[in-house]
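Could you put together the complete structure from these sequences and hints?
Top line first, the protein sequences correspond to chains A and B. Under my numbering, the first residue of the first sequence is numbered 242, with each subsequent residue one higher. Under my numbering, the first residue of the second sequence is numbered 1091, with each subsequent residue one higher.
No lab work stands behind these hints: they were computed from the structure. What you are looking at is a predicted structure, and each value in this text was computed from that prediction instead of being measured. Worth double-checking, as some hints may not be accurate.
[Claimed, not checked] Residues from chain B that face chain A, not an exhaustive set, calculated with beta carbons under 10 Å: (1) Arg1139; (2) Pro1191; (3) Gly1218; (4) Ala1220; (5) Arg1221; (6) Leu1225; (7) Glu1241.
[Unchecked claim] Using C-beta positions, here's what the derived DEER-type ranges look like: (8) Ile1230(B) - Ile433(A): 52 to 60 Å; (9) Ser1145(B) - Gly733(A): 34 to 42 Å; (10) Met705(A) - Ile1121(B): 37 to 45 Å; (11) Leu429(A) - Leu1211(B): 29 to 37 Å.
In this text, a Cβ means the ideal position worked out from N, Cα and C, and glycines have one as well.
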Amino acid sequence: MTKAMTGARMVVQALKDQGVDVVFGYPGGAVLPIYDEIFQQNDIRHILVRHEQGAVHMAEGYARSTGKVGVALVTSGPGATNAVTGLTDALLDSIPIVVLSGQVPTFMIGTDGFQEADTVGITRPCTKMNWLVKDTAKLSGTIHEAFHVARSGRPGPVLVDIPKDVQFAQAEYTPMQRARTAHYQPRLKGDIEAITAMVEMLETAERPIFYTGGGVINSGVAASQLLREFVEATGFPITSTLMGLGAYPASGKSWLGMLGMHGLYEANLAMHGCDLMINVGARFDDRITGRLKDFSPNSRKVHIDIDPSSINKVIRVDVPIIGDVGHVLEDALRIWKARGRKVNKDGLAKWWKQIKEWQSVNCLDYKPSEKTIKPQYALQRLEALTKGMDRYVTTEVGQHQMWAAQFLGFEAPNRWMTSGGLGTMGYGLPASIGVQVAHPEALVINVAGEASWLMNMQEMGTAMQFRAPVKQFILNNERLGMVRQWQELLHGERYSHSWSESLPDFVKLAEAFGCKGLKVSDPRDLDDAIMEMIRYDGPVIFDCLVEKHENCFPMIPSGKPHNEMLLGEADTQGVIGAKGAVLV
Amino acid sequence: MKGQNVSALNIKRGSTSHSAYDLRDPNAEIIESHTLAVVVDNESGVLARVIGLFSGRGYNIESLTVAETDHARHLSRITVVTTGTPAVIEQIKAQLGRMVPVHEVHDLTVEGPSVQRELALFKVAGKGEARIEALRLAEIFRAHVVDSTLESFVFEMTGTPEKIDSFAELMRPLGLKEIARTGVAALSRGV
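As structure tokens, this is what we get:
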């Protein structure tokens, strides 16, 4: 029998029991009792954000870089509605976060009370699960259940809505062990017969490829280790989605680079030409597949995924394996070894010969310039000067994000945080703060475009207040670069509202926040400026003025298959038909 | 070039959503109607979550019935009739199955024979010959009179949705004013 306590105290106790050490939040009327409890303890650190969207992205950055559940605390009404974008972002990228929101007291619900919103109604489609707790006796049990749901199976965001009177009332605390979790226990082990079928296929395949995704990262560090062992032992080429970068090291000899719309030529052509595709924790997203009808037409496909609804959703596969990536790879390796570690050596040798030819195209090549900084060059220098450091990278969304994925190499999982599924501009800056809070000594860089960065720039205040020395590496082309690129290719070069006018002076802005501002426009000054950014003990806003009209290549135009990639400007004339134009 | 064709048929139970559905042509474009029984936690918001899945992902709902069926275990049963291509129906089941408050999903259309029943109330107003004819037809359809005035009847009838449709057609020229239907409840036959 535990003693009775208030709902507010329960919240803090439950967070402690769940091992939470930091909460990102913003106070308001409906969460004041919880803030009062936070005030009276020292175990949980509270990071005061400047906008609730920032809080949720920070929780995401924290979660993606640690593998733990991130936590955000917001008030009712606008506090909760501001959290919606972050929740949706976490849902699409399968990031485990728990958002606690205040609500008007139970007796006021439905009266259009001040700062009342139907939070569980609004957030239902953008959470894995959510709860409105109307009884203090159920509060701590629900919070424990929420953590269990967020981190189990395919991870995702959950929300617990807590009316103010429930925070004040007293009840008995339900410890973690007594919380309801038995009803949600997704299967981790894959079907052995299906795994054996996959092993049989990979023993004879002539042109196999591993296509890996965020599921490997979510499965944990051990899954990445198993993947590496599997790839090394078989000698199969491997490519990854945006979400899965780092699971296999970029320096690994079997690495083909990222695939997809702005993926590498060799990765996409290998996907198109393979005879066996082993999808490990990816979901055949439309950025990956291009035209479905012509997606990898001659391959047999294996799909390992913990979420049964991912199987056959867009691409019909031959061998579906439902289970956790780590568990399935472990079984697959064991079975493959027991059967004598067979691969089709002749076939593989020919396959690699073909891949080397594709690699020799050097698809990331760009026209260098001595006068202006090419965005690709900026990232190459950033990579060269920070490689080997204890480095974490977040990004905003757009061209810079794709260039970062192409030009930065990740050697370990959980080092790369980017908004993949939802494509949330404004994600990177708050996410970088969340990462830095989790890894205070590390070098955390947000690769940004100036337009995305402005969307949540208020969080520089948070970075200053909590001494998070995040480096904001802004590739400033004074354009909404990706929008501009599409308008050039699709809309007759009519650049409707895709330029950034009246931009702030980023150096002065940095000074206004009290941090360091750097501005570079000459390629010759770039290295020194990057080093100055790294060495500065505090947040930096790095305004890197880059070529304004650079397009991001390679590119698979919408509605086209993998083997119809554009490699450069010369390829772009009239390539996207009317059907492709309706796609995003 | 083309590898050995491993079809979904050869995949063993447990490795996929594995229903009899995998025996069909996955690429078929035929629209089929399926009756799904979904056992869920009887908690506020769960019905909205299930319905939201259908509207959010563009699936159809032809009929929907929900009530608590296990008070002790706090469970409700949702019976939903939906339409779609085989691939869409598979996807609906998988999406339902992965929801946290969903305990079981049964596709009564493919899991063997099932009984489907719906209850409907019909208000028919009329006088003279039409009134007598309505009563006579009601008898043939085994509909009960549950309310009666000098100008109207309310008939109660249970049956398949098709039976209710045909009764409604017959009543229309005889003064049908209103219909209330419960939607389909369904159970598999046998044990």
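The hints, checked one at a time:
1. For the restraint placing Arg1139(B) at the interface with chain A, the shortest Cβ-Cβ distance is roughly 6 Å, inside the 10 Å limit, so the hint holds.
2. Checking Pro1191(B) against chain A: minimum C-beta separation of about 7 Å stays under 10 Å; hint holds.
3. Hint status for Gly1218(B): violated, given a least beta-carbon distance of 50 Å to chain A, over 10 Å.
4. With 10 Å as the threshold, the beta carbon of Ala1220(B) stays out of range of chain A, its nearest partner Cβ sitting at about 47 Å, so the hint is violated.
5. For Arg1221(B), the interface hint is violated, since its Cβ never comes within 10 Å of a Cβ in chain A; the closest pair sits about 46 Å apart.
6. Taking 10 Å as the C-beta contact cut-off toward chain A, the hint placing Leu1225(B) at the interface is violated, the least distance being around 46 Å.
7. With its C-beta approaching chain A no nearer than about 41 Å, Glu1241(B) sits outside the 10 Å limit, and its interface hint is violated.
8. Range check, Ile1230(B) to Ile433(A): Cβ separation about 58 Å, and the 52 to 60 Å hint holds.
9. Taken as a hint, the range 34 to 42 Å holds for the pair Ser1145(B) and Gly733(A), whose Cβ atoms sit roughly 37 Å apart.
10. Range check, Met705(A) to Ile1121(B): Cβ separation about 59 Å, and the 37 to 45 Å hint is violated.
11. Between Leu429(A) and Leu1211(B) the beta carbon distance is about 50 Å. The supplied range of 29 to 37 Å is therefore violated.
Consistency note: the structure conflicts with the earlier hints numbered 3, 4, 5, 6, 7, 10 and 11.
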